[in-house]
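Starting from the given sequences, assemble the full structure and let the hints guide the process.
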Amino acid sequence: MSVKTVKCECGHINHEGTVLCEACGKPIKGNQHLDGNDDQKVLEMRYDGSARRSKTYKRTFIDKTWAFFSSVKVGVWLIIITLIFSALGTLYPQEPFKNSPLPASQFYETEYGLTGKIFYQLGFHNMYDSWWYIILVALIGISLVICSLDRYIPLRRALKNQKIKRHPTFVKRQRVVSSTDKLSDENYQMIKERLKKKRYKVKEEDGHLFAEKNRFSRWGPYVNHIGLIIILSAAILRMFHVMHVDDYVWVREGETRVIPGTNQEYYIKNENFSYDFFDAEEDEDIRFREALKNANGPIPKDFQTDAIIYKVKGETVIGQEPELEEVKRGQIRVNHPIQFDGYSLYQAGNQMESEYDRISFKVNGENNQELGEFTFETDEAPYQVELDNGMIVRVDDYYPQLEFTDKGPSSFSKFPRNPGIIFSVLNEGKEEGERFFYLGEEVIGLSEGNTFSMSVTDIEKRSASGLTVKKDYSLPFFLVGAIIFMIGVVQGLYWYHRRIWIHPTENEYLVGSHTNKNWFGMKKELDEIFEETGFAEFKDQSELK
Amino acid sequence: MHKKKKRLIIRTVILSVLVLTLIGVLYVNFSSEQPVVAEGDEAPNFKLKRLDVEGETIELKDLEGKGVMLNFWATYCEPCKEEMPYMNELYQEYKDKGIEIVAISVDSNEFVINNFYNKLGLSFPSVHDKKGTVMEAYDIVPLPTSFFVNPDGTIERVVKGALTLERLEGYLQEILPTN
Numbered sequence: 001m002s003v004k005t006v007k008c009e010c011g012h013i014n015h016e017g018t019v020l021c022e023a024c025g026k027p028i029k030g031n032q033h034l035d036g037n038d039d040q041k042v043l044e045m046r047y048d049g050s051a052r053r054s055k056t057y058k059r060t061f062i063d064k065t066w067a068f069f070s071s072v073k074v075g076v077w078l079i080i081i082t083l084i085f086s087a088l089g090t091l092y093p094q095e096p097f098k099n100s101p102l103p104a105s106q107f108y109e110t111e112y113g114l115t116g117k118i119f120y121q122l123g124f125h126n127m128y129d130s131w132w133y134i135i136l137v138a139l140i141g142i143s144l145v146i147c148s149l150d151r152y153i154p155l156r157r158a159l160k161n162q163k164i165k166r167h168p169t170f171v172k173r174q175r176v177v178s179s180t181d182k183l184s185d186e187n188y189q190m191i192k193e194r195l196k197k198k199r200y201k202v203k204e205e206d207g208h209l210f211a212e213k214n215r216f217s218r219w220g221p222y223v224n225h226i227g228l229i230i231i232l233s234a235a236i237l238r239m240f241h242v243m244h245v246d247d248y249v250w251v252r253e254g255e256t257r258v259i260p261g262t263n264q265e266y267y268i269k270n271e272n273f274s275y276d277f278f279d280a281e282e283d284e285d286i287r288f289r290e291a292l293k294n295a296n297g298p299i300p301k302d303f304q305t306d307a308i309i310y311k312v313k314g315e316t317v318i319g320q321e322p323e324l325e326e327v328k329r330g331q332i333r334v335n336h337p338i339q340f341d342g343y344s345l346y347q348a349g350n351q352m353e354s355e356y357d358r359i360s361f362k363v364n365g366e367n368n369q370e371l372g373e374f375t376f377e378t379d380e381a382p383y384q385v386e387l388d389n390g391m392i393v394r395v396d397d398y399y400p401q402l403e404f405t406d407k408g409p410s411s412f413s414k415f416p417r418n419p420g421i422i423f424s425v426l427n428e429g430k431e432e433g434e435r436f437f438y439l440g441e442e443v444i445g446l447s448e449g450n451t452f453s454m455s456v457t458d459i460e461k462r463s464a465s466g467l468t469v470k471k472d473y474s475l476p477f478f479l480v481g482a483i484i485f486m487i488g489v490v491q492g493l494y495w496y497h498r499r500i501w502i503h504p505t506e507n508e509y510l511v512g513s514h515t516n517k518n519w520f521g522m523k524k525e526l527d528e529i530f531e532e533t534g535f536a537e538f539k540d541q542s543e544l545k
Numbered sequence: 001m002h003k004k005k006k007r008l009i010i011r012t013v014i015l016s017v018l019v020l021t022l023i024g025v026l027y028v029n030f031s032s033e034q035p036v037v038a039e040g041d042e043a044p045n046f047k048l049k050r051l052d053v054e055g056e057t058i059e060l061k062d063l064e065g066k067g068v069m070l071n072f073w074a075t076y077c078e079p080c081k082e083e084m085p086y087m088n089e090l091y092q093e094y095k096d097k098g099i100e101i102v103a104i105s106v107d108s109n110e111f112v113i114n115n116f117y118n119k120l121g122l123s124f125p126s127v128h129d130k131k132g133t134v135m136e137a138y139d140i141v142p143l144p145t146s147f148f149v150n151p152d153g154t155i156e157r158v159v160k161g162a163l164t165l166e167r168l169e170g171y172l173q174e175i176l177p178t179n
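These protein sequences, in sequence, are chains A and B.
Under the working numbering, residue 545 is the last one in the first sequence; the count climbs by one each step, no gaps.
Under the working numbering, residue 179 is the last one in the second sequence; the count climbs by one each step, no gaps.
Hints should not be assumed to be uniformly reliable.
Stated by the list, open to error - Dumping the calculated SDA-like pairs for lysine to any residue here, alpha-carbon to alpha-carbon at most 25 Å: (1) B:49 to A:382; (2) A:414 to B:51; (3) B:81 to A:406; (4) B:49 to A:263; (5) A:461 to A:276; (6) A:471 to B:27; (7) B:47 to A:325; (8) B:61 to A:324.
What the hints assert, rightly or not - Reference listing, derived: stretches of chain B covered by chain A, where coverage requires no fewer than 3 residues with Cβ under 8 Å from a Cβ of chain A: (9) 15 to 21; (10) 41 to 52; (11) 99 to 112.
For the record, the hints were derived by calculation from the structure and aren't laboratory data.
From the three backbone atoms N, C-alpha and C, an ideal C-beta is built for every residue, glycine too.
Right, here's the structure in full:
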């Protein structure tokens, strides 16, 4: 069985569901309800009355699915639903950004109460990665593709098949029309000249005239949709590690660390971390001094990490020290990342002087006689140190981040942020010595009647620099998508597709005109073209209703 | 070909491309949420210096043929320290049956590891992942996490969180070499 067709009296064969004959424009009987032409004089010219498939066949499952997605109404609802969910997801922070040691199952309820609990139970805490959110966005994408195809193809065909000679009804039922009973050849030529001057493409046949300009403006929305589809595809590309990496690393001063997200291929060394504050007294711009004085705490001016980037040479078994080759050396400042092999490291955070790097002690004997000094390195804690005079100071316990629990002193992290150290100062040849506890930057004696004393002479702290690791090869795709999107917008918005028909009948000359937007401009243009040519003033039939 | 048939084919093709893309995206999204090293995968090889025996290293590859329990722990992790005695209790018995237990500490300091190890008188191999590279390769969250590795090098079981003595013994049974 072939597709049902409708033959128009002009001889053109139209697809089923055509509202206005593609060739001559005559309204096709029985299909006028499709575009609501039944009860109004002016013809609905959207898609030029072509047969949108969505409005016709619905037989197989595929056809029904197609019809569902080709509906603009469905598309708009999908967008509205996605919009509502996207907005709801921003009510509370998403799980990766909750910034709390509490697990998500407790965090939302404790922090936000009942609404937080509901937020968590509905799965909104991981919304943008959830399968149903991805499906929603994908449905919009499908709707976009099918809606566009289902409109672009018939519209293009209708505009391609349109004839110069139209059916009088088609011309008469255009929105802005005029007529005259007399048209001299001289005036006719003048109209033609004026049309050409306004960049219309003029075609003639048997005294009928058809002028058209800027048809490409009609493709604007479809170009725009191609841009959107490229943007959606770019978002898919982003899911792949090769295209997109987003990670975070803390590097302490002096530390060399593997850069996460690089498959253990690159290392970074933090040579030095420097920072600068605005000075309320000496800031060169006097206008800011007041504000700086009122601020809570100092306002940072600049952060900078002096970094060296290394690449691993050859194969290394995980856990072994790799052979490193310097590839880049430079400064990382806010908004000035260091870049190598597609990766960028951005200055993103700092823990200023948050860790103890080394602590120096002095041991005194009886009568405050100095016995010696030593330095405790927090990363390479020694088991014991020998003083200048040969005495031994033993490290009994070391807690990098000291806290007291019901089991006594312990550490709750590996970072020396608040070190606690228990020392024994041993008398020659003895197992038991006098015990001292270093905590809170002071030393207290643990034994009674100490003959020795211990004190802190120097403390060196270090800062940690927080860096985001980024690699994004998907950005050019977003850019291309956005440019095409914009071209589509401009194409559709700044040009108007305008058509003018002059249709001679037995006793009069009819003029019908159509534009896809800006009827005011169209009327002005018509008035200029048909000025003093004997045509009656153009009337907007939609206003006469 | 009839026009209608052709149209149906075109529509079917376009819809299937779109739906397959959607399925692909969902699959990629789903797999990115899965752990890097999962049960059934081959355990990534690593080589670390032993802290309990001077001058020796442990390389996972060399332990092939034995069942291996990898225990990621740290001295600042209370539940880690609580399960250590259980591991020690079963170590000798299962070592004779062909199982090795390796405790991988992610502390930053040798001192604290050895201090704890000696205080408890532990006997299984202790290694130090100072740079955290092994931890990264195994994608460890949280502490403790234990991997039970079959004699053929594949991961039989991943346990996040602390173990009881009974559970530990049960999991060790699962990776016993057959001979």
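Tested hints:
no. : hint           : in the structure
1   : B:49 to A:382  : holds (18 Å)
2   : A:414 to B:51  : holds (18 Å)
3   : B:81 to A:406  : holds (16 Å)
4   : B:49 to A:263  : holds (22 Å)
5   : A:461 to A:276 : holds (17 Å)
6   : A:471 to B:27  : holds (22 Å)
7   : B:47 to A:325  : holds (21 Å)
8   : B:61 to A:324  : holds (24 Å)
9   : 15 to 21       : holds (count 4)
10  : 41 to 52       : holds (count 5)
11  : 99 to 112      : holds (count 7)
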